[in-house]
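Model the full structure from these sequences, guided by the hints.
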Amino acid sequence: DAKTTQPPSMDCAEGRAANLPCNHSTISGNEYVYWYRQIHSQGPQYIIHGLKNNETNEMASLIITEDRKSSTLILPHATLRDTAVYYCIVRSGTASKLTFGTGTRLQVTL
Amino acid sequence: NAGVTQTPKFRVLKTGQSMTLLCAQDMNHEYMYWYRQDPGMGLRLIHYSVGEGTTAKGEVPDGYNVSRLKKQNFLLGLESAAPSQTSVYFCASSYSQGAVNTEAFFGQGTRLTVV
Numbered sequence: 011d012a013k014t015t016q017p018p019s020m021d022c023a024e025g026r027a028a029n030l031p032c033n034h035s036t037i038s039g040n041e042y043v044y045w046y047r048q049i050h051s052q053g054p055q056y057i058i059h060g061l062k063n064n065e066t067n068e069m070a071s072l073i074i075t076e077d078r079k080s081s082t083l084i085l086p087h088a089t090l091r092d093t094a095v096y097y098c099i100v101r102s103g104t105a106s107k108l109t110f111g112t113g114t115r116l117q118v119t120l
Numbered sequence: 216n217a218g219v220t221q222t223p224k225f226r227v228l229k230t231g232q233s234m235t236l237l238c239a240q241d242m243n244h245e246y247m248y249w250y251r252q253d254p255g256m257g258l259r260l261i262h263y264s265v266g267e268g269t270t271a272k273g274e275v276p277d278g279y280n281v282s283r284l285k286k287q288n289f290l291l292g293l294e295s296a297a298p299s300q301t302s303v304y305f306c307a308s309s310y311s312q313g314a315v316n317t318e319a320f321f322g323q324g325t326r327l328t329v330v
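Residue numbers (the working numbering), protein chains in the order written: chain P, 11 to 120; chain Y, 216 to 330.
Worth flagging that the hints you see were computed from the coordinates, not collected in a lab.
No experiment lies behind these values; they were computed from the predicted model shown.
Don't be surprised by glycine CBs; every beta carbon is placed ideally from N, CA and C.
A portion of the hints provided could be inaccurate.
[Unchecked claim] Facing chain Y, a subset of chain P residues (Cβ under 7 Å, in silico):
no., residue
1, 53
2, 56
3, 60
4, 106
5, 108
6, 109
7, 110
8, 111
9, 112
10, 113
[What the hints assert, rightly or not] Below, simulated DSSO-like cross-link-like pairs (lysine-lysine); rule was C-alpha separation at most 27 Å, straight line:
no., chain 1, residue 1, chain 2, residue 2
11, P, 107, Y, 285
12, Y, 272, P, 107
13, P, 107, Y, 224
Next up, the structure:
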């Protein structure tokens with residue numbers, strides 16, 4: 011699976027959009043981009059995933075660049091409860107392993 | 216629907232003791248995973264399984280053994296616990312990569328302290 015690079019930490023004001031970037035320049039054609047988050051010391055929670063089209067669900071939007079070398083997770087109206095570590099993972103369609111990096115610690119403030 | 220359940224939630228072991236962590240899922244998932252997470256670190260994959268009766272090593276398998284005798288259960292064993300195995304252990308499960316929904320579901324973790 012391709013390696014991902016994320017900033018170690020970010021801040022966001024409550025009510026504003028949180029844009030979390032992820033670089034995956036070595037991604038190959040059959041690899042998906044997944045996002046998970048871990049709130050405090052709970053088990054990680056799935057957020058969204060995509061292959062090449064932008065995706066949106068009730069939690070977030072995922073924007074993938076045309077060359078697929080980077081992506082951005084968007085939380086449209088961040089709340090204090092969105093404070094968490096966000097993990098970007100690249101995983102092929104046939105891979106069984108799920109490998110986490112170090113993630114981005116998002117702090118949402120008043 | 217319970218999802219992924221880990222047993223126990225907390226445990227303190229003495230060095231050299233053995234124990235087994237149980238992970239149970241009720242979603243009929245093929246894949247199951249065991250991770251450890253040390254303070255301030257990301258999750259590291261210990262072992263995983265792609266189906267009943269099969270297991271494979273992850274990034275940090277040394278000192279651990281696993282078994283998947285039933286599809287719904289994935290056991291993680293520590294034969295001789297060491298202080299370096301003090302960590303939070305997470306289990307996860309997912310459908311195989313050929314399925315439409317491939318997201319992983321995680322348990323709430325087991326906090327293990329080895330003294």
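Tell me the numbers of any earlier hints that the structure contravenes, in ascending order. 3
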